[in-house]
Amino acid sequence: MIEILTGLISQESLISFWEANSWVPEALAVATWETIYMVAVSTFFAYVFGLPLGIILVTTSPGHVLENIRVNQVLGSIVNAVRSIPFIVFLILIIPFTRLVVGTYIGTVASIVPLTLAAIPFVARLVETSLKEIEWGLVEAALSMGASAWQVIYKVLIPEAMPSLSLGVAITTINLVGYSAMAGIVGGGGLGTLAYYYGYQRYEDLVMWSTVIVLIILVQSVQMLGDNLAARIAKKRR
Amino acid sequence: MIEIRNLTKIYTVGDQRILALDNVSLTVKKGEIFGIIGLSGAGKSTLIRCVNMLERPTHGTIFVDGQEITALSEEELRVARQKIGMIFQHFNLLSSRTVFNNIMFPLEIARVPKKEARQRVQSLLEMVGLTDKADVYPAQLSGGQKQRVGIARALANRPSLLLSDEATSALDPQTTRSILELLRDINRRLGLTILLITHDMNVIKEVCDRVAVIDNSRIVEIGDVLEVFSNPQTPTARSFIGTVINREIPVELLHRPNGDSGGKTTRLVRVSFIGASAGEPIISSMIRQYDIEANILYGNIDRVKDTPFGNLALELIGSPDMIDSGLTYLRNRGLEIEVLRSD
Chain A
79 MIEILTGLIS QESLISFWEA NSWVPEALAV ATWETIYMVA VSTFFAYVFG
129 LPLGIILVTT SPGHVLENIR VNQVLGSIVN AVRSIPFIVF LILIIPFTRL
179 VVGTYIGTVA SIVPLTLAAI PFVARLVETS LKEIEWGLVE AALSMGASAW
229 QVIYKVLIPE AMPSLSLGVA ITTINLVGYS AMAGIVGGGG LGTLAYYYGY
279 QRYEDLVMWS TVIVLIILVQ SVQMLGDNLA ARIAKKRR
Chain B
49 MIEIRNLTKI YTVGDQRILA LDNVSLTVKK GEIFGIIGLS GAGKSTLIRC
99 VNMLERPTHG TIFVDGQEIT ALSEEELRVA RQKIGMIFQH FNLLSSRTVF
149 NNIMFPLEIA RVPKKEARQR VQSLLEMVGL TDKADVYPAQ LSGGQKQRVG
199 IARALANRPS LLLSDEATSA LDPQTTRSIL ELLRDINRRL GLTILLITHD
249 MNVIKEVCDR VAVIDNSRIV EIGDVLEVFS NPQTPTARSF IGTVINREIP
299 VELLHRPNGD SGGKTTRLVR VSFIGASAGE PIISSMIRQY DIEANILYGN
349 IDRVKDTPFG NLALELIGSP DMIDSGLTYL RNRGLEIEVL RSD
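If you read the sequences in order, they're chains A and B. All residue numbers for the first sequence refer to the numbering used here, where the first residue is 79 and numbers rise by one. All residue numbers for the second sequence refer to the numbering used here, where the first residue is 49 and numbers rise by one.
Chain B extracted, bound-state conformation (with noise of 0.2 Å):
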C-alpha cells in the first residue's frame, strides 16, 4: 500500500541543515494498521507528512498504491491527495462551518455531485455516531467528538490510507480508547490501510498490526507488534514497551540471597507468553513432571491487541537436569525463556 524507499528529509533553517529523516525505508501492507512510534523531534511527523507531500522529501521515494506520489505534478497529486485521508492531533476543523459541513468540505474539494455528497455526509455521521450534532459548530463539541468528525471527514473520499498525525495525543484515556476503538472498526469494516503515528505504546499496543521505531530520524526496530513486544531489541523499543508493560524484574529481585538449598540449583528465569498459551496450565504441568519447585517472584499478563501476552520471574529450583528439561519442554510450548541469574 505503501512504500518508501531511501527516504531522506533535511531541514534547511538559516545555515543550518537539520537531518530529519535518514534514510528510511519502510513497506506497509494493505489493510493492516501500521504504527511509527518515537519521541519527539524524532522524526516521526516529518516521516508521515512526507506520505502525502505536505512535506517534500530532499531524497527518496514514496509509493502509495502502486502510485509514485513523490513524481506528480501538483494537479494530480491533488487528486491523488483525496484519496489518502488524514486525521490530527489539533482535529483542524473549520470554526466557521457546522459539524455537517466540515464532513462535506473534502467533497466540495472533490467536486462531488450535492445530492450524493449530503447522502454520503449523513452515513458517515452515522458511522461515527454524530447524527444529532449535524448542525453544530466544532466550539461546542468535546475532543473525542472533534476527533470523529476529523475522521468522518477524512473519510469522506473513500479513501484507502488513512494517516493519522498523533490523533488521540491530546485526548484523554477513555477517549483515546474510545477513538482507537472507532479506527479499528473501520479498519476491519472498510478494508481501509491505517498508518498511525505516535509517542503513546498503548496506541501501539490497542490497534497496530506492525510497528516501526524510530530513533534519531532513523527507523531501528520493525516488526508485527507481537514480536517486538515480545522480544525488542533495541533499548529505545524497550523503553517504549516499558512504559506500558513492565518486563523489568526489579533488581532486589535479581540479588536476592540463595537460602539453603541443600544440594539443589537455583535458577531465576523470565517466562514469556503470547497468545493461546497464556491460557494453558503449562508452568503447573512443568513442576509436576520435571520436579521442580517454582516460586513466582513477579508476574503480568496483558493484552497486545487481541493476544494475551505477558512475562512471568519464576524461581526454580531443582537438580540442574531437571531444571534444564523443564525449560526446554516450556521453550517447545512456545514460550520464551531467559535464564536471569543462576547459581
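So here's chain A without its partners, still in its complex pose (with noise of 0.2 Å):
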C-alpha cells in the first residue's frame, strides 16, 4: 500500500504506474460483475428452496398447523448436517455433484451450485426463526375463521413476518459474498479468483485492496438495501 502510495507522488512514476497496472480497472469490474451474478443467481435458488424448506421446518413442529414431527426432527437433522460442513470442505465435497449438474466445476456457473446448495439450510433457519417470532395467537385467529394451513402460511406466517424475512434476505446475500470469494480461490471466478491469483499468488498489492475494497461497498449497499427495505414495511405499518 505505502508503495502504491509513494509511487503516485512523481508524476513520471505515475504514468509507469498506470501503464502497469491499466488492466487492473477492466479486471476488477468483471469479476465484480462474476460476483454479482454468482451471488444474485444463487441467493435466488437458496430461497426458491430454503423459504419452503422453513416454512416445513416451522410448521411441522409440534402444535403447528402441519404438524409432522418425523418430517421435521429428518429435515432438522439434514439442515444441521449440511450447516456443520465448513463451505470450504462442502465445495470439494460436491464437486461430483456440481459437474453431474453443469458439466466442470470450475467457473462462474458452476460456483452456483454449492453456492446455492450451502445457502439453502442457512436460508431454512433464518425463515424458520423468521416466522417462529409471529404471535401464535394470529395463526389461532386464523384457524378460527376456517383457514386451512396452506391459507396460515401465506396470509399469516408470510405476510407478518416480511420485515424480518426481507433482512434475511439481506444477511444471506452477505453471506454468499464471503462463501463466492472461497468458491473463488477454488476456480470459480469473480473478485474471490481476483484476489487470489494476483493479490496473493503475485503479490499485486493494488488487486488486493481494491478487490477488498469493492467487497466492502458491495456489502454495505446490500445490508443498506435490506435495513431500507425492512424499516419501510415496518414503518408503513406503523
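No lab work stands behind these hints: they were computed from the structure. Quick caveat, the model's predicted, so the values are computed rather than measured. C-beta: ideal position from N, C-alpha, C; glycine also. One should not assume that every hint holds.
[To be verified] Chain B stretches covered by chain A per the calculated footprint, using a threshold of three residues with CB under 8 Å from any CB of chain A: (1) 122–132; (2) 142–155.
[Said to hold, decoys possible] Below 30 Å or equal to it, Euclidean Cα-Cα: the simulated DSSO-like pairs (lysine-lysine) are: (3) B/Lys-162 - A/Lys-314; (4) B/Lys-353 - B/Lys-131; (5) B/Lys-162 - A/Lys-233.
If you follow the hints, you should be able to join the two separate chains into one complex; please do so.
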C-alpha cells in the first residue's frame, strides 16, 4: 500500500504505474460482475428451496398447522448436518454433483451449485426464525375463521414476517459474497479468484486492496438495501 | 345452539397429566349471551376453545347449531368454523393489513366474491363505528378500536355464534363498557348467540343472560344471572359476586350489642330484592302495617343487566309475632329474606 502511495508522488512514476496496472480496472469490473451474478443467482435459488424448507420446518413442528414430528426431525437433522460442514470442505465434497449438474466444476456458473446448496439450510433456519417470531394468536385467529394450513402460511405467516424475512435476504446475500470468495480460490471466478491469483500468489497489492474495497462497498450496499426495505415495510404498518 | 356433553380435556405434558376440564356439560340457547366465569387456570379458556375445536377434547361431544362439531373432518370443520366468530383478549389483528383488509380476511378465507366482500366490510365498519379508520394499520388504533375491528372481523361471515375469549380483559373499565354495549347491541339486532368467558364479574353482570361458574375444571354453578346473583349456591360464586356487589354484612353489625328492647325482640335480616319490587315502597308499608321499627344498617342497589338488584340489612324491632308476619309479607311480595341474627 505504501509503495503504491509513494509511487503516485512523482508524475513520471504515476504514468509507469498506470501503464503497469491499466488492466486492473477492467479485470476488477469483470470480477465484480461475476461475483454479483454468482451471489444473485445463488441467493435466488437458495430462497427457491430454502423458503419452503423453512416454512416446512416451522409448520411441521409440534402443535403447528402441519404438525409432523418425523418430517420435522428428519429435515432438521439434514439442515444441521449441511450447516456443520465448513463451506470450503463442502465445496470440494460436492464437486461430483456440480459436475453432474453443470458439466464442469470450474467457473462462475459452476460455483452457483455449491453456493446455492450451502445457502439452502442457512436460509431455511433464517426463515424458520422469522416465522417463529409471529405470535401464535394470529395463527389461531386465522384457524378460528376456518383458514387452511396453506392460507395460514401465505396470508398470515409470510406477510407478518416480511420485515424480518427481508433482513434475512440481506444476511444471506452478504454471507454468499463471503462464500463466493472462497469458491474463487478453487477457480470459481469473481472477486475471490482475482484476489487470490493476483493479490495473493502474485503479490499485486493494488488488486488485493481494490477487491477489498469493492467487497466492502458490495456488502454495505446489500445491508443498506435490506435495512431500508425492512424499515419501509415496518414503517408502513406503524 | 351449543350443546356440550361430558366434555373432558386432559393435557399431557411430559409424564404429567393435567385435567383441564372434568366432565363438563352445558347448553347454550339460541340468541342468549352466556357467560362462563372462573379464575385463571379454572379451565374456562380450554372450554371455549373446544367449541371451535382450537383444542381437541379428550372425551365428550359438542354440538353447535345441531352439528356435531367434534365429529367433523378437517375440511368440514373449516367450513363450520366460518360460521363461528371468535374474538380474543389480545385482538390478534394482522399487523400487515389495514383495518379494512383485516375485516376482509375471513371473507377471503371463505372465498366470498370481492365485490360483495367489500360491501360487507363497509357496512361492518359502519356498525362498529370505524369507517374513518378503514385504511389505517392496527398499530395506530387504541385497544378499544382494535377490539371493534376484531368484532367486525368475527362477524364478517355472518356467524350464528360468537365466541369471546376474555375480549375485554385487556381494556380499561370505560372501554370495556363500550365494547360490552356493542356486543349486547349485536346480540339484539342480529339475534347472535354469544358465548363469552371472563374472570370479571362485571362483564357477567352487564351483558349475560345466563352464567356458569367454573372452578377447578368443573362447572359448579349454572343459572340465570339474576338467580345466581341473588342466591349463589357455592363459595366460588359468592366470592365472584362479592367482587361487584357487596352482599356481606359487616361483621360488627352482626355482633352489635342489643340495646334495651323493652319486651320487644330484635332481629337482623337481610332483604334481597330483584326487579320491579325495588321500585316499590314495600319496606315502609311493612313498617306501617305491622308496627315494626326498622333500622337500615346497610344497603345497596345495583343493576344486573337491566334489572335493579339490591340488598338491605335491616334491624327489625317489634313483637315476635309482628316481625314474623312482617317477614311473611315481604316474602309474599317476592323479596328474599335471610335472618342473620335473632335474639
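*Would you check chain A against the segment 142–155 of chain B, counting CB to CB pairs closer than 8 Å, and say if three or more residues qualify?*
holds (count 6)
*Check, residue by residue, whether the segment 122–132 of chain B contains three or more positions whose beta-carbon lies closer than 8 Å to a beta-carbon of chain A, and give the verdict.*
Our answer is that it holds, as 7 residues pass the Cβ test (under 8 Å) against chain A, meeting three.
*Taken at face value, is the distance from the CA of B/Lys-131 to the CA of B/Lys-353 at most 30 Å?*
holds, 27 Å
*Below or equal to 30 Å on CA atoms is what counts here, so check B/Lys-162 against A/Lys-233.*
Satisfied, since the Cα-Cα distance of roughly 16 Å is no more than 30 Å.
_Tell me if the straight-line CA distance from B/Lys-162 to A/Lys-314 falls inside 30 Å._
Holds, at roughly 24 Å.
Figure legend: structure checked against the earlier numbered hints; every hint is met.
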